[in-house]
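Novice: Sequence:
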Amino acid sequence: MNMNRIVGPHPGVCAFLLAAGGCLVLAGVYWIRGPESVKQMEAEPGGIGEVVPWVLIGLGVLLWLAGSVLFGRVRGVSLWLSLLLGSLTIPGIVILAVMRKPLTAHEAWERQNPGMAKQRVRREYRDVKPLY
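In my numbering, the protein residues as written are 1024 to 1155.
Hints listed in this document are in silico derivations from the structure and should not be mistaken for laboratory results. Treat each hint with caution, since some may be false.
As the list claims (entries may be wrong) - Listed next, with one range per pair, are the computed distances between beta-carbon atoms:
1. F1039 / W1103: 52 to 62 Å
2. I1055 / Q1135: 44 to 54 Å
3. R1134 / G1035: 15 to 25 Å
Don't be surprised by glycine CBs; every beta carbon is placed ideally from N, CA and C.
Could you put together the complete structure from these sequences and hints?
Specialist: The following block contains the structure:
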């Protein structure tokens, strides 16, 4: 994984985290609210069969929030705003996508080095002998 410190992770990482988180949440909800055949797999009340769906939902929510925070950071949104919008699930991701375009490498460099882009550097050329 090419993790550039300035620009951020590849957008595929964000997409994977969002998709994996959504799938885990849906699997956990299906396990809890699904048909009776799924519920009959539980051996005893209060056992592992009741804990697993909640663990899936918890991991899914954490992956979803991590993906939304990375997606927001790639687009230049603050950590807390991307976390807040990520908790809105799909509408939050749409708002993040519409709110700002992804930062270019130059914009990210300007953000990390304020005032440096406006400075001018005078180039000095050395004398070059003619070829002929």
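Novice: Now look at each hint and say whether the structure bears it out.
Specialist: Cross-check of the supplied hints:
Evaluation of the 52 to 62 Å hint for F1039 and W1103 yields a failure: the beta carbon distance comes to about 23 Å. Look at I1055 against Q1135: about 45 Å separates their beta carbons, and that is inside 44 to 54 Å. The hinted range of 15 to 25 Å is satisfied by R1134 and G1035, whose Cβ atoms lie roughly 23 Å apart.
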